[in-house]
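Undergrad: Here is how the chains run, residue by residue.
2 protein chains.
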Amino acid sequence: MKEKVMYNMERFFSPPQNENVWIINTGTELLNGITVNTNASWLARKLSFLGFKVKRIIVVPDEFEEFSNELKRALENKAGIVITTGGLGPTYDDNTLLFISKSLKIPYEVNEDALNMVKKVYEAMSEPLTKEREKMAKMPKGSIPLKNPVGTAPGMMLYYSGSYIISLPGVPSEMKAIFEEDLESVLKMWSKKKVSENIIKVRGIMESAIAPLIEKASKKYLNAYIKTHPKGKESNEPYIEIQILATGNTEEEANKLASEITSDIINEIETKFSGGKIER
Amino acid sequence: MKEKVMYNMERFFSPPQNENVWIINTGTELLNGITVNTNASWLARKLSFLGFKVKRIIVVPDEFEEFSNELKRALENKAGIVITTGGLGPTYDDNTLLFISKSLKIPYEVNEDALNMVKKVYEAMSEPLTKEREKMAKMPKGSIPLKNPVGTAPGMMLYYSGSYIISLPGVPSEMKAIFEEDLESVLKMWSKKKVSENIIKVRGIMESAIAPLIEKASKKYLNAYIKTHPKGKESNEPYIEIQILATGNTEEEANKLASEITSDIINEIETKFSGGKIER
Numbered sequence: 001m002k003e004k005v006m007y008n009m010e011r012f013f014s015p016p017q018n019e020n021v022w023i024i025n026t027g028t029e030l031l032n033g034i035t036v037n038t039n040a041s042w043l044a045r046k047l048s049f050l051g052f053k054v055k056r057i058i059v060v061p062d063e064f065e066e067f068s069n070e071l072k073r074a075l076e077n078k079a080g081i082v083i084t085t086g087g088l089g090p091t092y093d094d095n096t097l098l099f100i101s102k103s104l105k106i107p108y109e110v111n112e113d114a115l116n117m118v119k120k121v122y123e124a125m126s127e128p129l130t131k132e133r134e135k136m137a138k139m140p141k142g143s144i145p146l147k148n149p150v151g152t153a154p155g156m157m158l159y160y161s162g163s164y165i166i167s168l169p170g171v172p173s174e175m176k177a178i179f180e181e182d183l184e185s186v187l188k189m190w191s192k193k194k195v196s197e198n199i200i201k202v203r204g205i206m207e208s209a210i211a212p213l214i215e216k217a218s219k220k221y222l223n224a225y226i227k228t229h230p231k232g233k234e235s236n237e238p239y240i241e242i243q244i245l246a247t248g249n250t251e252e253e254a255n256k257l258a259s260e261i262t263s264d265i266i267n268e269i270e271t272k273f274s275g276g277k278i279e280r
Numbered sequence: 001m002k003e004k005v006m007y008n009m010e011r012f013f014s015p016p017q018n019e020n021v022w023i024i025n026t027g028t029e030l031l032n033g034i035t036v037n038t039n040a041s042w043l044a045r046k047l048s049f050l051g052f053k054v055k056r057i058i059v060v061p062d063e064f065e066e067f068s069n070e071l072k073r074a075l076e077n078k079a080g081i082v083i084t085t086g087g088l089g090p091t092y093d094d095n096t097l098l099f100i101s102k103s104l105k106i107p108y109e110v111n112e113d114a115l116n117m118v119k120k121v122y123e124a125m126s127e128p129l130t131k132e133r134e135k136m137a138k139m140p141k142g143s144i145p146l147k148n149p150v151g152t153a154p155g156m157m158l159y160y161s162g163s164y165i166i167s168l169p170g171v172p173s174e175m176k177a178i179f180e181e182d183l184e185s186v187l188k189m190w191s192k193k194k195v196s197e198n199i200i201k202v203r204g205i206m207e208s209a210i211a212p213l214i215e216k217a218s219k220k221y222l223n224a225y226i227k228t229h230p231k232g233k234e235s236n237e238p239y240i241e242i243q244i245l246a247t248g249n250t251e252e253e254a255n256k257l258a259s260e261i262t263s264d265i266i267n268e269i270e271t272k273f274s275g276g277k278i279e280r
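Quick note, the sequences are listed as chains A and B, same order. Just so we're aligned, residue 1 is where the first sequence starts under full-length UniProt numbering, counting upward by one. Just so we're aligned, residue 1 is where the second sequence starts under full-length UniProt numbering, counting upward by one.
For reference, chain A alone in the conformation it holds in the complex:
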């Protein structure tokens, strides 16, 4: 594998070499089945909707050789984006960023921007910056740290030879928060897809009753993200919003798909339920 690292910040604005994504999750709790890998499915859903193609999800022990093999394989297979989860925390076995540095032979050092992020969090808690905490700011040289709005360890993004390596924490709330804070807008910028949103407002039908219908639509429309958001009380005065985010190669295509899904769902609701009030 060639060592070709771009330290130029501008390069972060060029899209990856292709839309293929490999997800690599570390964590003993995933390999012994104590934790279900919801991080992978959450990321996969988001990425698919944004127009990327997830080609592999790999759970690997957090040991250097094992992790390194999978990372190199992802890059050799020309994954445009490699997303890792786990191993960003302060403990001795949180080594993802060290492993990435060693695998790609890039210096592993304190990133000043990351250090400022970590400092801020601990200052706000009036906690000292110990060696273990400082470790969370150590990254492969040339990385961009990603702000963690709900935890301490920043995420990381690194350009490497046409691909981006993105590292997120294993704690789902932190992983999601980092993704939604900054990363999602970068991914949207990289993607050639256009997105169109519709909201259907439904009164008088419980979310649980509508769930099978939403699941069916999700499976039918793979270029869309369909989700219910309960706004009223489930049993008393149910009021839910169904969010439909459709993607297409052009704005027109995305709008058309969003309309089609909206009509389809409204039609299904009207067929199956009476007494509900629908606004679109």
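Each hint should be verified, as a subset may be incorrect.
As the list claims (entries may be wrong) - Short, incomplete list of chain B residues facing chain A, as computed with Cβ under 10 Å:
#	residue
1	40
2	46
3	48
For the record, the hints were derived by calculation from the structure and aren't laboratory data. We treat Cβ as the ideally placed atom computed from N, Cα and C, and that holds for glycine.
Let chain A serve as the given structure and place chain B on it in line with the hints.
TA: Coordinates of chain B only, in the frame set by chain A:
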């Protein structure tokens, strides 16, 4: 990779070359995040408890090259057991057993035992045995079919050069049923671990209240399987049984661990709750 297939049934009673397991899941619904990979975590939990070590969980598109690469890699890495899920059904894109045959250069043909299993299911439903249905009995030559007690497609077990390849359906209920019907007892036989069981009966405390405590114990005792089974009504007259299955290299070790966990959990319950009645 050497082609060395044992057609001798007796070989199925020798344990695999080691305790390492690779799980390979196929399915677009896993790669686009519509389905959470609960099959992998369920299998991982069961296998860990039985004394096996899950080294990789890999989700791969159901395309020949991609699947074949991962299967060969698992065998090259000397996985004692490779478990696949998905791709056993009657439709055109259910090709796991064909892919395994092609990857290992083993003839792909109707297995008579499997055919009898499939026939029985359709006869019971007074349904004809179509070409698509017969396909579910096609397997790599030398396979042992695994009975599917809740569906139509049999599972498959194949000995290959020190390793076992085991294929299960993607539908969770069928995957679990096949595992528990015949496979689990074979795995128990292969494993050198001993198992000890304890039950704690708790009255007057809700399962949801005890849940965090059980999660904590599960994370602490990795050689054990700890699960609550609600027997009474959650809110009215709660009565739950906590099942503790502990493993060890000897019966004594397993018994000791089971006792330790039991005492630990009872102690935690007594510290955190008053008013509960505990029997062991």
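Undergrad: So, for every hint listed, does it hold in this structure?
TA: We went through each hint and held it up to the structure:
1. 40: Holds: closest Cβ of chain A sits about 7 Å from residue 40/B, inside 10 Å.
2. 46: Given a least distance of 7 Å, the restraint on residue 46/B holds.
3. 48: Where the cut-off is 10 Å and the nearest Cβ of chain A is about 4 Å from residue 48/B, the hint holds.
This entry satisfies every hint, going by the numbered hints stated previously.
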